[in-house]
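Enquirer: This is what each chain is made of:
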Amino acid sequence: MNFLQTEPIRILLYLVGICAFVGANAAYLVLAERKGAGRIQRRPGPNEAGFGGLLQPLADGIKLLAKQVMVPPGTDALLFRAAPLLVMAPPLMCLAMIPFSDSITARSLNVGLLFVFSFGSINVMALMLGGWASRNKFAIISSARVVSQNVAYEIPMLLVVITLLMVTGTMDLNEIIQQQGGGFWKWNLFKVWVNPLMPVTFVIFFICMLAETNRAPFDMAEAESELVAGAFTEYGGMGFGVFFMAEYANIVVGCSLATVLFLGGWQSPIGVLSGGLWGAGWFLLKLYALIFTVIWIRWTFPRTQFYSLLNLSWKILIPISLFTLLLTGAMMKLPVVYNHFF
Amino acid sequence: MIAQKDLIPVDNGGDPTKETFVLNLGPQHPAAHGVLRVLLTMDGEWIQRAEPVIGYIHRMHEKMGENRTWAKFLPNTSRIDYLSAMHYTHAFVGAVERAAKIEVPVRAEYARVITSELNRISSHMVWWGALLLDLGGFTPILYAFDDREKILDLLEALCGARLTYCYYRFGGLYNDVDDAFLKGTRDFVAHMKPRLKMYRELVTDNIILRKRLTGIGPLSADLCRRYGATGPVIRGAGVAYDVRRAEPYSVYPKLEFKIPTYPEADSMARYLVRMDEMEQSLFIIEQALDQIPTGPFIGKVPRVLKLPVGDTCYAVEAARGRFMVRIVSDGKEIPYRVKLRTPSFSNLSLYEEASKGMILPDALAMMGSLDLVIPDIDR
Amino acid sequence: MSLLTALRETVAGFKSLLTGMRITAREAAKPSITVQYPHDTLKMADRFRGHVKLVLDPVTGKSRCTSCNLCVRACPSDCLTVEGIKREGEKKKSVSEYTLDFTTCSLCGSCVEACPSDAIEYSKDYNVVSLDRAEFARMDLLKKLEAEAKVWAEKNPELAAAAAAAAAAQAAAATAKAPAAATTASAPGAGAAPVATTPAPTPAVAPVPAAGVTETRTT
Numbered sequence: 005m006n007f008l009q010t011e012p013i014r015i016l017l018y019l020v021g022i023c024a025f026v027g028a029n030a031a032y033l034v035l036a037e038r039k040g041a042g043r044i045q046r047r048p049g050p051n052e053a054g055f056g057g058l059l060q061p062l063a064d065g066i067k068l069l070a071k072q073v074m075v076p077p078g079t080d081a082l083l084f085r086a087a088p089l090l091v092m093a094p095p096l097m098c099l100a101m102i103p104f105s106d107s108i109t110a111r112s113l114n115v116g117l118l119f120v121f122s123f124g125s126i127n128v129m130a131l132m133l134g135g136w137a138s139r140n141k142f143a144i145i146s147s148a149r150v151v152s153q154n155v156a157y158e159i160p161m162l163l164v165v166i167t168l169l170m171v172t173g174t175m176d177l178n179e180i181i182q183q184q185g186g187g188f189w190k191w192n193l194f195k196v197w198v199n200p201l202m203p204v205t206f207v208i209f210f211i212c213m214l215a216e217t218n219r220a221p222f223d224m225a226e227a228e229s230e231l232v233a234g235a236f237t238e239y240g241g242m243g244f245g246v247f248f249m250a251e252y253a254n255i256v257v258g259c260s261l262a263t264v265l266f267l268g269g270w271q272s273p274i275g276v277l278s279g280g281l282w283g284a285g286w287f288l289l290k291l292y293a294l295i296f297t298v299i300w301i302r303w304t305f306p307r308t309q310f311y312s313l314l315n316l317s318w319k320i321l322i323p324i325s326l327f328t329l330l331l332t333g334a335m336m337k338l339p340v341v342y343n344h345f346f
Numbered sequence: 003m004i005a006q007k008d009l010i011p012v013d014n015g016g017d018p019t020k021e022t023f024v025l026n027l028g029p030q031h032p033a034a035h036g037v038l039r040v041l042l043t044m045d046g047e048w049i050q051r052a053e054p055v056i057g058y059i060h061r062m063h064e065k066m067g068e069n070r071t072w073a074k075f076l077p078n079t080s081r082i083d084y085l086s087a088m089h090y091t092h093a094f095v096g097a098v099e100r101a102a103k104i105e106v107p108v109r110a111e112y113a114r115v116i117t118s119e120l121n122r123i124s125s126h127m128v129w130w131g132a133l134l135l136d137l138g139g140f141t142p143i144l145y146a147f148d149d150r151e152k153i154l155d156l157l158e159a160l161c162g163a164r165l166t167y168c169y170y171r172f173g174g175l176y177n178d179v180d181d182a183f184l185k186g187t188r189d190f191v192a193h194m195k196p197r198l199k200m201y202r203e204l205v206t207d208n209i210i211l212r213k214r215l216t217g218i219g220p221l222s223a224d225l226c227r228r229y230g231a232t233g234p235v236i237r238g239a240g241v242a243y244d245v246r247r248a249e250p251y252s253v254y255p256k257l258e259f260k261i262p263t264y265p266e267a268d269s270m271a272r273y274l275v276r277m278d279e280m281e282q283s284l285f286i287i288e289q290a291l292d293q294i295p296t297g298p299f300i301g302k303v304p305r306v307l308k309l310p311v312g313d314t315c316y317a318v319e320a321a322r323g324r325f326m327v328r329i330v331s332d333g334k335e336i337p338y339r340v341k342l343r344t345p346s347f348s349n350l351s352l353y354e355e356a357s358k359g360m361i362l363p364d365a366l367a368m369m370g371s372l373d374l375v376i377p378d379i380d381r
Numbered sequence: 061m062s063l064l065t066a067l068r069e070t071v072a073g074f075k076s077l078l079t080g081m082r083i084t085a086r087e088a089a090k091p092s093i094t095v096q097y098p099h100d101t102l103k104m105a106d107r108f109r110g111h112v113k114l115v116l117d118p119v120t121g122k123s124r125c126t127s128c129n130l131c132v133r134a135c136p137s138d139c140l141t142v143e144g145i146k147r148e149g150e151k152k153k154s155v156s157e158y159t160l161d162f163t164t165c166s167l168c169g170s171c172v173e174a175c176p177s178d179a180i181e182y183s184k185d186y187n188v189v190s191l192d193r194a195e196f197a198r199m200d201l202l203k204k205l206e207a208e209a210k211v212w213a214e215k216n217p218e219l220a221a222a223a224a225a226a227a228a229a230q231a232a233a234a235t236a237k238a239p240a241a242a243t244t245a246s247a248p249g250a251g252a253a254p255v256a257t258t259p260a261p262t263p264a265v266a267p268v269p270a271a272g273v274t275e276t277r278t279t
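Heads up: the protein sequence lines correspond to chains A, B and C, in order.
Just so you know, we're using this note's numbering here: the first sequence kicks off at 5 and counts up by one.
Just so you know, we're using this note's numbering here: the second sequence kicks off at 3 and counts up by one.
Just so you know, we're using this note's numbering here: the third sequence kicks off at 61 and counts up by one.
Hint data in this document are derived by calculation from the structure and do not stem from the laboratory.
Please note that a few of the clues may not be correct.
Quick list of in silico lysine-lysine cross-link-like pairs, DSBU-like style, CA-CA up to 30 Å [claimed, not checked]:
(1) A/319 - C/210
(2) B/213 - C/122
(3) B/256 - B/65
(4) C/210 - C/152
(5) B/213 - A/319
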């Protein structure tokens with residue numbers, strides 16, 4: 005046991021663990037998505053490969069690996085090859101910060117939240133580079149969209165997070181979770197005595213998370229009925245596969261962040277059974293519930309139009325999140341003012 | 003043909019902010035249904051000029067009409083617009099019957115109306131699903147196809163084919179409508195009403211769809227008239243033009259139905275027209291089922307059909323608009339000329355003018371709301 | 061108050077989204093409607109229009125085709141080839157070659173409608189697959205009929221025996237007598253009927269359809 009706690013071994017363990025977690029999630033979330041879509045559309049989904057379709061990700065992976073990674077002539081070969089790596093790296097980095105349980109965290113930083121957001125933003129750049137390097141008109145249109153979309157949604161997301169930070173007073177993710185212990189009514193989502201609009205902030209965070217990860221109904225980057233495959237149009241084989249996996253890895257990061265910030269992370273909703281592996285179980289349960297909602301949303305709604313997407317951000321989400329920010333500040337200072345005068 | 007000069011972007015006078023580029027949408031693009039190609043001159047995401055390039059699936063249907071007998075051309079009519087095969091066959095059969103003065107039994111006329119309206123619903127369902135696919139919603143098309151399957155099963159049990167029915171014959175029908183079909187159709191009407199309510203709640207009322215379609219792609223009544231656009235496109239511009247009322251044929255004068263019109267003239271208006279038409283079609287089917295008499299299903303037709311010398315037109319309201327067949331006979335067994343006036347061609351013609359200044363996703367949403375069937379354009 | 065209306069619209073829009081999600085959840089709870097195609101298949105409708113095939117006469121075990129070529133003339137895409145020969149002792153011509161070019165056939169069914177002797181019908185076979193183009197370009201319907209006739213003969217040995225006997229009798233009659241059939245128009249029909257009834261084992265089953273079918277053939 006002591007041996008496992010030594011630093012090099014710990015790093016190695018978590019490195020492998022996170023990579024395996026992301027890989028397994030990316031592979032099986034694709035299957036879960038296809039199965040979920042099938043369920044919603046009243047068909048069984050992939051069910052031929054393996055046991056009821058369980059080996060489908062493996063088959064897909066082998067197929068993608070077997071395909072030639074083609075670099076079209078005239079592209080910026082270096083950027084073209086680097087973009088899939090750049091898009092995959094940030095979610096891996098972010099997951100190092102996420103506490104899966106009170107004892108399972110790869111690296112606990114006191115600026116964990118900041119770290120996650122700063123790495124999360126690199127994702128956009130990678131998509132943009134991929135689209136730009138492709139030398140394809142559809143891909144370039146898509147890149148431009150990705151950038152403006154992510155800029156527009158970073159703002160309300162950060163405003164919401166600032167609101168939350170005012171409540172928690174810390175950027176350490178583990179500490180944020182610890183503050184939410186003792187039952188689901190203590191979760192930030194339900195802290196209406198701090199700010200009556202707390203559920204609304206969660207909804208805003210969730211919408212922004214969808215937009216940041218380019219998920220439907222905000223999948224402007226990969227609007228296949230308009231832009232063929234958006235930024236990935238020219239990618240084939242595993243180049244495309246990595247983009248595809250990164251999308252799911254980003255969803256995992258986004259959803260786990262939402263879980264940590266609003267749903268009490270590894271805290272039990274009933275106040276008991278929240279330590280150690282139980283905590284990991286609660287965390288994964290909440291995480292997959294959120295991911296399921298993401299899938300559910302994708303298969304329900306049509307895609308938004310790009311300009312109404314920006315309108316939604318600038319005209320609705322940003323004002324509301326600013327308002328909640330002010331409200332929270334006012335509610336926090338109200339007792340102080342009250343005490344001062346009375 | 004596309005001239006080489008068309009592929010060169012518009013001269014920007016050396017100003018890089020006015021630079022344009024040509025985007026080749028199709029013929030293998032996921033948003034272009036079938037093999038339509040649109041050459042878009044784009045300024046960023048704004049469309050400066052959209053030129054539809056057609057002819058990728060041209061099959062010379064009109065010429066084929068001139069080298070075969072009247073009866074031999076009949077299977078072709080189902081293949082012009084594969085989604086509303088019944089209407090197209092109806093137009094051709096009707097034209098020949100009008101020219102040769104063939105009496106059609108009343109039972110056959112009612113059966114034609116029932117099958118035509120079923121076909122209209124199934125066509126609108128495909129449009130609905132495909133439009134939602136264009137807009138990025140993947141689930142509605144499967145719901146629509148689930149219901150459409152019921153129509154196809156009914157029609158298959160009736161005439162043996164699921165898409166290219168070729169069910170009407172000169173003077174009547176290919177075979178009689180049986181009780182199983184009439185009962186199945188009644189069941190379908192009962193099944194479809196709550197489903198239409200579900201469609202409305204899931205999609206029509208959805209805020210994202212409303213934002214995508216409301217106010218997008220306005221096609222004024224004047225523009226529709228200039229390009230000859232018909233069907234839901236012109237009804238979505240507030241003009242109550244419906245061939246079933248304007249040039250009554252078959253037993254439509256005996257049936258009650260409303261012509262849904264929306265004066266907004268935007269994509270949402272066209273969308274709502276089609277959704278309402280599905281309801282109206284169900285209403286027509288119900289009436290026709292109540293009124294259908296017993297009797298023969300095919301009239302007296304000469305064994306060798308020779309039409310008198312003359313020029314005859316017959317128009318029907320197909321799912322996409324006014325489909326008209328004009329046949330010219332010189333008294334022989336083989337037509338002198340078969341002219342097909344297809345609605346999608348006219349509906350597409352206005353695209354170039356209407357899409358000017360729109361942004362790409364809106365232009366594609368508008369194209370979806372026109373409900374184009376490419377074989378219908380190219381013939 | 062535009063701020064209020066904007067807020068109200070936002071809330072209404074959000075509600076419409078929730079409605080949509082409720083509907084998809086409701087649909088997800090319903091059972092799947094897929095038919096797992098290669099594992100289970102649907103039954104084709106009675107009037108299903110597959111490719112044409114020759115009808116096996118349930119009495120004689122042969123085709124009723126008289127190679128009158130009406131189907132060939134009715135075909136809009138010229139995809140049928142019919143050859144007939146006049147066999148010794150038979151009143152009408154019988155088919156010796158019937159091929160369908162399935163690559164050009166549009167399954168319109170004009171041929172079936174044109175046939176005066178109900179010799180062709182629609183096949184219910186929709187799994188028409190081949191790795192060889194020639195199999196479609198020259199689909200030998202007569203060969204398919206022969207394969208069917210073999211199955212038929214195994215299933216109805218009495219009828220098959222009767223048909224064979226009739227054929228033998230006809231051949232014998234043809235070799236024996238001069239072509240004087242014209243003088244007695246009913247001779248072949250009369251000759252066939254007693255032969256059909258001669259096999260003693262099951263006399264009650266066979267003659268009834270036999271009479272009906274032979275009548276339609278001769279008219």
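Enquirer: Return the numbers of the hints above that this structure violates; sort them in rising order.
Expert: Hints 1, 2, 3 are the ones this structure does not satisfy, whereas the remaining hints hold.
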